[in-house]
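Q: Chains A and B are the protein sequences, given in the same order. Counting along the first sequence from 1, when you hit position 93 you're at 93 in this note's numbering, and nothing is skipped either side. Counting along the second sequence from 1, when you hit position 36 you're at 36 in this note's numbering, and nothing is skipped either side.
Please keep in mind that the hints were generated in silico from the structure rather than gathered at the bench. No experiment lies behind these values; they were computed from the predicted model shown. Heads up, the beta-carbon is just placed ideally off N, CA and C, and yes, glycines get one too. Treat each hint with caution, since some may be false.
[What the hints assert, rightly or not] Negatives, chain B to chain A, calculated, CB over 10 Å:
{"id": "1", "residue": "18"}
{"id": "2", "residue": "87"}
{"id": "3", "residue": "97"}
{"id": "4", "residue": "126"}
{"id": "5", "residue": "127"}
{"id": "6", "residue": "197"}
{"id": "7", "residue": "244"}
{"id": "8", "residue": "321"}
{"id": "9", "residue": "344"}
{"id": "10", "residue": "354"}
{"id": "11", "residue": "395"}
{"id": "12", "residue": "396"}
[To be verified] In silico lysine-lysine, DSSO-like type, Cα no more than 27 Å apart, as pairs:
{"id": "13", "chain 1": "A", "residue 1": "110", "chain 2": "B", "residue 2": "50"}
{"id": "14", "chain 1": "A", "residue 1": "354", "chain 2": "B", "residue 2": "50"}
{"id": "15", "chain 1": "B", "residue 1": "385", "chain 2": "B", "residue 2": "347"}
{"id": "16", "chain 1": "A", "residue 1": "313", "chain 2": "B", "residue 2": "286"}
{"id": "17", "chain 1": "B", "residue 1": "407", "chain 2": "A", "residue 2": "92"}
{"id": "18", "chain 1": "A", "residue 1": "234", "chain 2": "B", "residue 2": "313"}
{"id": "19", "chain 1": "B", "residue 1": "331", "chain 2": "A", "residue 2": "107"}
{"id": "20", "chain 1": "B", "residue 1": "107", "chain 2": "A", "residue 2": "110"}
{"id": "21", "chain 1": "A", "residue 1": "286", "chain 2": "A", "residue 2": "107"}
{"id": "22", "chain 1": "B", "residue 1": "123", "chain 2": "A", "residue 2": "341"}
{"id": "23", "chain 1": "A", "residue 1": "403", "chain 2": "A", "residue 2": "347"}
{"id": "24", "chain 1": "B", "residue 1": "331", "chain 2": "A", "residue 2": "115"}
{"id": "25", "chain 1": "A", "residue 1": "92", "chain 2": "B", "residue 2": "107"}
{"id": "26", "chain 1": "A", "residue 1": "115", "chain 2": "B", "residue 2": "98"}
{"id": "27", "chain 1": "B", "residue 1": "62", "chain 2": "A", "residue 2": "313"}
{"id": "28", "chain 1": "B", "residue 1": "187", "chain 2": "A", "residue 2": "308"}
{"id": "29", "chain 1": "A", "residue 1": "359", "chain 2": "A", "residue 2": "98"}
{"id": "30", "chain 1": "A", "residue 1": "27", "chain 2": "B", "residue 2": "232"}
[To be verified] So, partial list: chain A residues that the calculated Cβ filter (under 8 Å) puts toward chain B:
{"id": "31", "residue": "64"}
{"id": "32", "residue": "67"}
{"id": "33", "residue": "88"}
{"id": "34", "residue": "155"}
{"id": "35", "residue": "233"}
{"id": "36", "residue": "263"}
{"id": "37", "residue": "421"}
Protein chains: 2
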Amino acid sequence: MNNTNIPLYQFLYEEIKTEILNNEYKKGSKLESVRSLAKKRLISTTTVEKAYNQLLIEGYIKSVPRSGYFVLDVITPDISSFNNLVEPLVYKTYINNKLTTDLFDIKSYKRIVNKVINYDYEKLYTECDPRGELELREEIRKFIFEERNVKCDVNQIVIGTGIQNLLNILLDFTNKSSVTYLSPEFKKAMSVFRTFNYLLLPKNDIEEITNTKTDFLYISPSNTYPLGDIIKVKDRNDLIKWARSNNTYIIEDDYNFFIRYNSYTIPSIHSYDNGENVIYMGSFAKMLIPSIRISFMVLPISLYNIYKDTYRKNSQGVSKLDQLSLALFMKEGLFKRHTKKLYAQYKEKNEAIKKFLLKYSSNDLFTIQGSDSNLHLVLDFKTLKSLNQFTRNCENLSFEYQKIENKRSLIFPYSGIEINDIQEVIKRLLHEV
Amino acid sequence: MNNTNIPLYQFLYEEIKTEILNNEYKKGSKLESVRSLAKKRLISTTTVEKAYNQLLIEGYIKSVPRSGYFVLDVITPDISSFNNLVEPLVYKTYINNKLTTDLFDIKSYKRIVNKVINYDYEKLYTECDPRGELELREEIRKFIFEERNVKCDVNQIVIGTGIQNLLNILLDFTNKSSVTYLSPEFKKAMSVFRTFNYLLLPKNDIEEITNTKTDFLYISPSNTYPLGDIIKVKDRNDLIKWARSNNTYIIEDDYNFFIRYNSYTIPSIHSYDNGENVIYMGSFAKMLIPSIRISFMVLPISLYNIYKDTYRKNSQGVSKLDQLSLALFMKEGLFKRHTKKLYAQYKEKNEAIKKFLLKYSSNDLFTIQGSDSNLHLVLDFKTLKSLNQFTRNCENLSFEYQKIENKRSLIFPYSGIEINDIQEVIKRLLHEV
Chain A
1 MNNTNIPLYQ
11 FLYEEIKTEI
21 LNNEYKKGSK
31 LESVRSLAKK
41 RLISTTTVEK
51 AYNQLLIEGY
61 IKSVPRSGYF
71 VLDVITPDIS
81 SFNNLVEPLV
91 YKTYINNKLT
101 TDLFDIKSYK
111 RIVNKVINYD
121 YEKLYTECDP
131 RGELELREEI
141 RKFIFEERNV
151 KCDVNQIVIG
161 TGIQNLLNIL
171 LDFTNKSSVT
181 YLSPEFKKAM
191 SVFRTFNYLL
201 LPKNDIEEIT
211 NTKTDFLYIS
221 PSNTYPLGDI
231 IKVKDRNDLI
241 KWARSNNTYI
251 IEDDYNFFIR
261 YNSYTIPSIH
271 SYDNGENVIY
281 MGSFAKMLIP
291 SIRISFMVLP
301 ISLYNIYKDT
311 YRKNSQGVSK
321 LDQLSLALFM
331 KEGLFKRHTK
341 KLYAQYKEKN
351 EAIKKFLLKY
361 SSNDLFTIQG
371 SDSNLHLVLD
381 FKTLKSLNQF
391 TRNCENLSFE
401 YQKIENKRSL
411 IFPYSGIEIN
421 DIQEVIKRLL
431 HEV
Chain B
1 MNNTNIPLYQ
11 FLYEEIKTEI
21 LNNEYKKGSK
31 LESVRSLAKK
41 RLISTTTVEK
51 AYNQLLIEGY
61 IKSVPRSGYF
71 VLDVITPDIS
81 SFNNLVEPLV
91 YKTYINNKLT
101 TDLFDIKSYK
111 RIVNKVINYD
121 YEKLYTECDP
131 RGELELREEI
141 RKFIFEERNV
151 KCDVNQIVIG
161 TGIQNLLNIL
171 LDFTNKSSVT
181 YLSPEFKKAM
191 SVFRTFNYLL
201 LPKNDIEEIT
211 NTKTDFLYIS
221 PSNTYPLGDI
231 IKVKDRNDLI
241 KWARSNNTYI
251 IEDDYNFFIR
261 YNSYTIPSIH
271 SYDNGENVIY
281 MGSFAKMLIP
291 SIRISFMVLP
301 ISLYNIYKDT
311 YRKNSQGVSK
321 LDQLSLALFM
331 KEGLFKRHTK
341 KLYAQYKEKN
351 EAIKKFLLKY
361 SSNDLFTIQG
371 SDSNLHLVLD
381 FKTLKSLNQF
391 TRNCENLSFE
401 YQKIENKRSL
411 IFPYSGIEIN
421 DIQEVIKRLL
431 HEV
């Protein structure tokens, strides 16, 4: 509320309100009549009426017909003065976990965004379809069919801001109660199951899983976390058979499927039973830029038939501008071109990282694991001392890492390190290790 | 997978895989050696090795050192042919509930988006701050201080895709169990409390509320749903005192605060105790365009001190491009200009709707309620017959409406009807009512 352009009635309202709050009126006392106050102040009766009306609406005075306005009893609780000594919290962006800026063709993306704003702007004036925009779901349908042999109807696809958001929607309408998964867990997903009070059943291998009775299995069969191991075809078949005979749904979190350095991409488990018992989930997080958060899931027809009666309950969180832009980005073939470039650079970095890790360390310091996929390595240290020195070096360089529980291992992401810096970075990370 | 550019090894891999799946090898039988197959097919040994490696990774064959590759037992479950006969589900956008396209200055917004992409694109390459971007939180801080006298530090502000998303975050880290509210409930909010297994305590008035023991009160004191009634100052004071002495948090959902046609905007309840016991929530949904989904909440310092240790658990769902664009839109004063224009048009529509409703209906058909605020009216019909005819007319015109339980009333939104169409629309809606 700045002081210019404030209407006169509001000044009057503020004045009387302050007087009431300062107990300058007795409770129940009558306010001066509209006509009399207007005359005294040389203002219009309309102005006084408006001020009184505002006091009336907020409950500072009451109106008694044919009698006038009376002050109500208003005792405001003590208010502490605002204390803005909040301990600040700085969100740290780690260099090694971002996308290097030379990768994304931001100019093409800007052109696409402008196209949407210029030609599709009418669509921006209506609410989002709670399932996501049809244009984007259709592009996703084509994409996952081509790349992952996931066959589905566009109606089975639901868009969300991330795996957590999609799980929220899924658990909300399915109303189930237990989930199994290979430990270690994918924390962000499991926290949603915890929120829904699920019984969590961590298991160590596929055999243990297929001996479990559960509503859901959460798994990344083409890229288990964090080592990127692959669930072999025999185990996949066992999982499908087990899911069918137990009415279990397999949630396939197919993250980073396109990043495989020494083999062709591994088929989705969805393609093993045409998704009768598989909920397929994917994300564009690592394929685009991290600031655009778009994920999607494919519901089996049996679940779609429940979902379609309740989907209006959840609002769509992904911005429509982002949805329509990505749809056009995909339709015009720019997305395919981008992921190709991206993959080539990831591969180059992966090789450089491994090369320099081996070059600057002695043999018995650690073993490198999980380097065939993903954008991180797992380093398995021989001694706690080496591990600790390495993490200290990470912290000094402001690099992100994640320790693995009960192991002398850590997960080290590298996608954000510029290719030309890798040698120097590795040297420094291995300093005195 | 299109057929151009597919590497040779992949053809070989597909061929052998198909043979294995068609049982053309006996279980355990040995594959031809790499060298021998390469010679027979006139291809390089590398190509054969790559194909065998892919089969190995996926688990179709196993490798026995110094002996060769052997076929594993792989019985794939029957797969139904994909049935794409999904009952399609068309999301209906109702004309009367959108934003009319002449309102939003899409050109300025495009200029802002381009500015962000041109000058701030480096920020787009890093992950979002889980609380929302600092630039936007700072603009929100200034905005709610100016408009709603909400005093807070920028660190207390959390951004989300909507009230549901913010409630998810809030309920997740606070770990409480009961909520009270004035019935009728705001359904989308209450569904989140239900998800978290909350005890729901609907009440009819403030006195009932202040006799309740509960963790949260969910309320819109400046605009109760759906009639837009205002909680008077005495009741507000009682609520603050009650909240303080019971360790209750008041969730103030301050939606549409800026839309008041016959009075000045009503103060936030947050300003009554500087937010010690009030969680302030707001949304840009009706102030911008509905496709940009940005909401925010202000945490009391007591809750902020819990939140700051767990905030990394939740990913930020709002696109960073949208966040940075809105921040700049606000900073450059375009937002203020826009909401002013918006408010003027809402007011004009509100008056036209009321005028024509009265013109084309007889006196005893219905009463108009809740018309002093919001973008809807509540029509209270005298007879069920009139109500039913009105809703039939709504359906014929593809207009959205919402019935109020146990009453002959309905909520009718009007923001999407063009000002010049209002007379004709009302005529048709009242046809034979």
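Q: The structure should be examined with respect to each hint, and the outcome stated for every one.
A: Going down the list of hints, with the structure as the test:
No Cβ of chain A approaches the Cβ of residue 18(B) within 10 Å, the least distance being about 13 Å, so the stated non-interface status holds. Not every CB of chain A is more than 10 Å from the CB of residue 87(B) (nearest about 7 Å), against its label as outside the interface. Once the 10 Å rule is applied to beta carbons, residue 97(B) is inconsistent with being away from chain A; the minimum gap is 7 Å. Residue placement check: residue 126(B) does not keep its beta carbon more than 10 Å from all beta carbons of chain A (closest about 4 Å).
Annotated as non-interface, residue 127(B) brings its C-beta within 10 Å of a C-beta of chain A; the closest such distance is 4 Å. Once the 10 Å rule is applied to beta carbons, residue 197(B) is inconsistent with being away from chain A; the minimum gap is 6 Å. The claim that residue 244(B) is not at the interface with chain A is violated, since a C-beta of that chain comes within 10 Å of its own (minimum 7 Å). For residue 321(B), the condition that its CB be more than 10 Å from all CB atoms of chain A is violated, with the nearest at approximately 6 Å.
Look at residue 344(B): its CB is around 14 Å from the nearest CB on chain A, clear of 10 Å, so calling it non-interface holds up. Even its closest Cβ contact with chain A, about 18 Å, leaves residue 354(B) beyond 10 Å, as expected for a residue assigned away from the interface. Distance check for residue 395(B) against chain A: the nearest CB is about 17 Å away, which clears 10 Å, and the non-interface claim stands. A cut-off of 10 Å between C-beta atoms confirms that residue 396(B) is not in contact with chain A; the least separation is 20 Å.
The suggested pairing of residue 110(A) with residue 50(B) is violated, with an alpha-carbon distance near 40 Å, which exceeds 27 Å. Annotation: proposed proximity of residue 354(A) to residue 50(B) holds, straight-line Cα distance about 21 Å (limit 27 Å). Our distance criterion of 27 Å between C-alpha atoms is broken by residue 385(B) and residue 347(B), whose separation comes to about 31 Å. Between residue 313(A) and residue 286(B) the CA atoms are separated by roughly 19 Å; this keeps the pair inside 27 Å, and the hint holds.
Between the alpha carbons of residue 407(B) and residue 92(A) the distance comes to roughly 53 Å, so the proposed pair goes past 27 Å and is violated. As the CA atoms of residue 234(A) and residue 313(B) are separated by approximately 35 Å, the hinted pair breaks the 27 Å bound. The hinted pair formed by residue 331(B) and residue 107(A) meets the criterion: a straight-line CA distance of about 25 Å does not exceed 27 Å. A distance of roughly 15 Å separates the Cα atoms of residue 107(B) and residue 110(A); the hinted pair therefore holds under the 27 Å criterion.
Restraint check: the Cα-Cα separation between residue 286(A) and residue 107(A) comes to about 19 Å, which is no more than 27 Å; the hinted pair holds. In summary, the hint linking residue 123(B) to residue 341(A) is supported, as the alpha carbons are separated by about 21 Å, within the 27 Å threshold. A C-alpha spacing of about 24 Å is found between residue 403(A) and residue 347(A), which places the hinted pair at or below 27 Å, so the restraint holds. At most 27 Å may separate the alpha-carbon atoms for a hinted pair to count; residue 331(B) and residue 115(A) meet this at roughly 25 Å.
Taking the CA atoms of residue 92(A) and residue 107(B), the gap is about 34 Å. The hint is violated against a cut of 27 Å. For the hint linking residue 115(A) to residue 98(B), the alpha-carbon distance of about 22 Å falls within 27 Å, and the restraint holds. Simply put, residue 62(B) and residue 313(A) have alpha-carbon atoms about 50 Å apart, too far for the 27 Å limit, and the pair is violated. For the suggested pair residue 187(B) and residue 308(A), the alpha carbons sit about 18 Å apart, so the restraint of at most 27 Å is met.
Annotation: proposed proximity of residue 359(A) to residue 98(A) holds, straight-line Cα distance about 25 Å (limit 27 Å). For the given pair, residue 27(A) sits about 16 Å from residue 232(B) by alpha-carbon distance, which is consistent with the 27 Å threshold. For residue 64(A), the interface hint is violated, since its Cβ never comes within 8 Å of a Cβ in chain B; the closest pair sits about 16 Å apart. A cut of 8 Å between beta carbons decides the hint on residue 67(A): the least distance to chain B is about 20 Å, and the hint is violated.
A hinted interface residue such as residue 88(A) counts as satisfied when its beta carbon comes closer than 8 Å to some beta carbon of chain B; here the least separation is about 5 Å, so the hint holds. Residue-level restraint check for residue 155(A) holds (minimum Cβ-Cβ distance to chain B is 5 Å; threshold 8 Å). For the restraint placing residue 233(A) at the interface with chain B, the shortest Cβ-Cβ distance is roughly 4 Å, inside the 8 Å limit, so the hint holds. For residue 263(A), the suggested interface contact is upheld, since its CB lies about 5 Å from the closest CB of chain B, less than 8 Å.
The beta carbon of residue 421(A) comes no nearer than 16 Å to any beta carbon in chain B, farther than 8 Å, and the hint placing it at the interface is violated.
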